[in-house]
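Full structure from sequences and hints, please.
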Amino acid sequence: MSELLVNEKEIVIPGEEVARGMDFLPSIGTFREGESIYAKNLGLLEVRKHVIKVIPLSGYYMPKRGDTVIGVVTNIGFSGWTIDIGAPYDVNLPVGEAVRGRLELLRTDLSRYFDIGDIIVADIYNVTKSKIIQLSMREHGLRKLKGGRIIKITPSKVPRLIGKSGSMVTMIKKYTNCEINVGQNGYIWINGPIEGQYLVEKAVDLIEKEAHLSGLTDKIKEMLEKEGVKNE
Amino acid sequence: MIVGETDFKKYVLGLSEKGKRIDGRGLLDYRQPIKIEYGISKNAEGSAAVTIGKTRVICGIKMEVGEPYPDRPDEGTMIVSAEFAALASPEFEPGAPGEKSIELARIVDRGIRESGAIDVKKLCIKEGEKVWLVFIDIYVQNHDGNLIDAAALAAMAALLNAKFPKLNDDGTVNYKEHTDTPLPIVKKPIACTITKIGDKLFVDANADEENVSDARITITSDENGVINAIQKGGEEGMTVDEIEKCAEIAVEKAQELRKYLG
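Protein chains in written order, with our numbering: chain A, 8 to 239; chain B, 9 to 270.
No wet-lab data here; the hints were simulated from the structure.
Note that this is a predicted model, so its numbers are computed, not measured.
Wrong hints could be hidden among the right ones.
Stated by the list, open to error - Capping the alpha-carbon separation at 20 Å, the derived lysine to aspartate or glutamate pairs in EDC-like fashion look like this: (1) A:159 <-> B:31; (2) A:209 <-> B:15; (3) A:159 <-> B:177; (4) A:233 <-> B:31; (5) A:209 <-> A:232; (6) A:209 <-> B:152; (7) B:26 <-> A:234; (8) B:17 <-> A:111; (9) B:17 <-> A:125; (10) B:70 <-> B:83; (11) B:26 <-> A:208; (12) B:28 <-> A:202; (13) B:62 <-> A:208; (14) B:130 <-> B:101; (15) A:159 <-> B:152; (16) B:208 <-> A:202; (17) A:159 <-> B:99; (18) A:159 <-> B:83; (19) A:209 <-> B:31; (20) B:17 <-> A:208; (21) A:159 <-> B:218; (22) B:18 <-> A:186; (23) A:180 <-> B:15; (24) A:209 <-> B:99; (25) B:17 <-> A:202.
Printed below as a string of structure tokens:
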């Protein structure tokens with residue numbers, strides 16, 4: 008008989024036995040040994056039907072194929088760029104994935120397209136077994152972001168920042184008059200009026216601190232209503 | 009590191025127009041809480057830890073018996089050294105002391121030395137032969153800006169906390185036992201650093217603000233409002249008016265910080 012040993016949304020520690028029995032399936036942040044499932048990270052337990060996940064409380068961004076991320080150009084190579092997306096590995100954006108049409112590598116200065124310090128939105132196109140990560144900008148809407156700056160949030164808290172079908176981020180945008188672009192890697196690009204930026208940072212800080220508690224949307228709304236200037 | 013640095017600077021300046029900082033305080037406010045813990049090290053003659061916001065600096069006092077300098081036979085000496093622990097910030101590397109840590113030690117040293125905070129004549133045991141050497145060792149445990157003020161405050165707190173170790177009859181020091189005699193501290197100099205970003209002056213800049221700062225000036229003053237030491241850093245210049253304003257702010261803020269020393 009399978010049983011869950013820890014309640015959902017409770018904090019678990021690495022090595023803690025969270026469930027017993029073969030009816031449960033281990034997902035991100037957990038592993039199976041024998042009959043039992045154990046936690047891999049310090050985090051919150053999440054159970055969806057019979058799939059068990061641990062959402063880590065903090066940590067690095069682990070690149071996953073298909074994620075849309077925000078990155079900063081850190082280096083220009085012969086046939087591509089190195090991008091910082093907050094992952095512990097080298098991340099590469101080849102010219103062919105970023106520029107439409109043909110170009111002569113020997114005669115082109117790649118900084119014409121993206122220069123060091125530029126902020127881009129890109130998809131993770133491939134993650135190899137040896138953790139070489141390739142980005143792609145072929146899809147619609149993937150581009151260089153002009154101006155603005157980046158603030159950061161723990162990657163595991165990104166879903167809370169976006170909210171159910173984007174409700175949280177839409178609300179923050181509405182109250183702050185800022186453009187906000189959230190990457191799955193926890194980099195958030197913001198641009199807009201100074202007071203708005205200040206409020207966005209405050210909201211993100213609050214989410215960072217209280218992501219594991221419920222009623223977050225109402226709390227953020229209250230904070231924004233008190234301090235914000237509503238967009239008429 | 010903050011990416012999009014130019015835009016971050018615009019943001020900091022934009023907020024300062026309205027008298028606000030990125031963490032919500034006013035331009036001339038120290039972060040809270042400011043905390044001083046005394047006697048954190050058993051083996052030191054005196055020690056203290058200072059926490060300002062997320063910045064944490066500890067300081068220990070060690071004392072040895074040694075020879076005085078030939079030109080000052082009746083005076084004890086003091087030596088300040090600072091070390092940035094590699095775990096304090098991603099910017100710090102282990103190894104030989106860098107430019108920043110040497111500068112930090114010198115600013116703290118100058119404040120204490122030039123104010124005459126320690127009555128060095130009372131550190132003399134036998135003129136020309138034996139005096140007390142006071143070692144002030146500063147360790148940065150966490151770096152979130154304004155290390156200088158935190159270090160100077162920690163050094164002062166540790167000096168006030170220090171007691172002389174017992175001196176044996178044969179002239180060696182018994183570090184296991186301490187006398188009740190505190191060090192001869194006659195003044196309490198406090199450093200206050202003012203950071204200039206654009207044309208605005210900030211007190212107690214955090215690490216993000218320091219990254220986009222144009223200049224900084226550290227002014228150390230004692231309880232009578234006498235300025236003992238000044239150190240200017242950063243690439244940009246400062247006008248005479250600005251420096252006068254800084255001096256006013258620093259003396260006032262130093263009085264505020266001095267209350268924490270008790």
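Against the structure, the hints come out as follows:
no.	hint	verdict
1	A:159 <-> B:31	holds, 15 Å
2	A:209 <-> B:15	holds, 18 Å
3	A:159 <-> B:177	violated, 62 Å
4	A:233 <-> B:31	holds, 17 Å
5	A:209 <-> A:232	holds, 13 Å
6	A:209 <-> B:152	holds, 19 Å
7	B:26 <-> A:234	holds, 14 Å
8	B:17 <-> A:111	violated, 37 Å
9	B:17 <-> A:125	holds, 16 Å
10	B:70 <-> B:83	holds, 17 Å
11	B:26 <-> A:208	holds, 17 Å
12	B:28 <-> A:202	holds, 10 Å
13	B:62 <-> A:208	holds, 18 Å
14	B:130 <-> B:101	violated, 39 Å
15	A:159 <-> B:152	holds, 17 Å
16	B:208 <-> A:202	holds, 18 Å
17	A:159 <-> B:99	holds, 18 Å
18	A:159 <-> B:83	violated, 54 Å
19	A:209 <-> B:31	holds, 9 Å
20	B:17 <-> A:208	holds, 15 Å
21	A:159 <-> B:218	holds, 18 Å
22	B:18 <-> A:186	holds, 16 Å
23	A:180 <-> B:15	holds, 19 Å
24	A:209 <-> B:99	violated, 26 Å
25	B:17 <-> A:202	holds, 14 Å
Consistency note: the structure conflicts with the earlier hints numbered 3, 8, 14, 18, 24.
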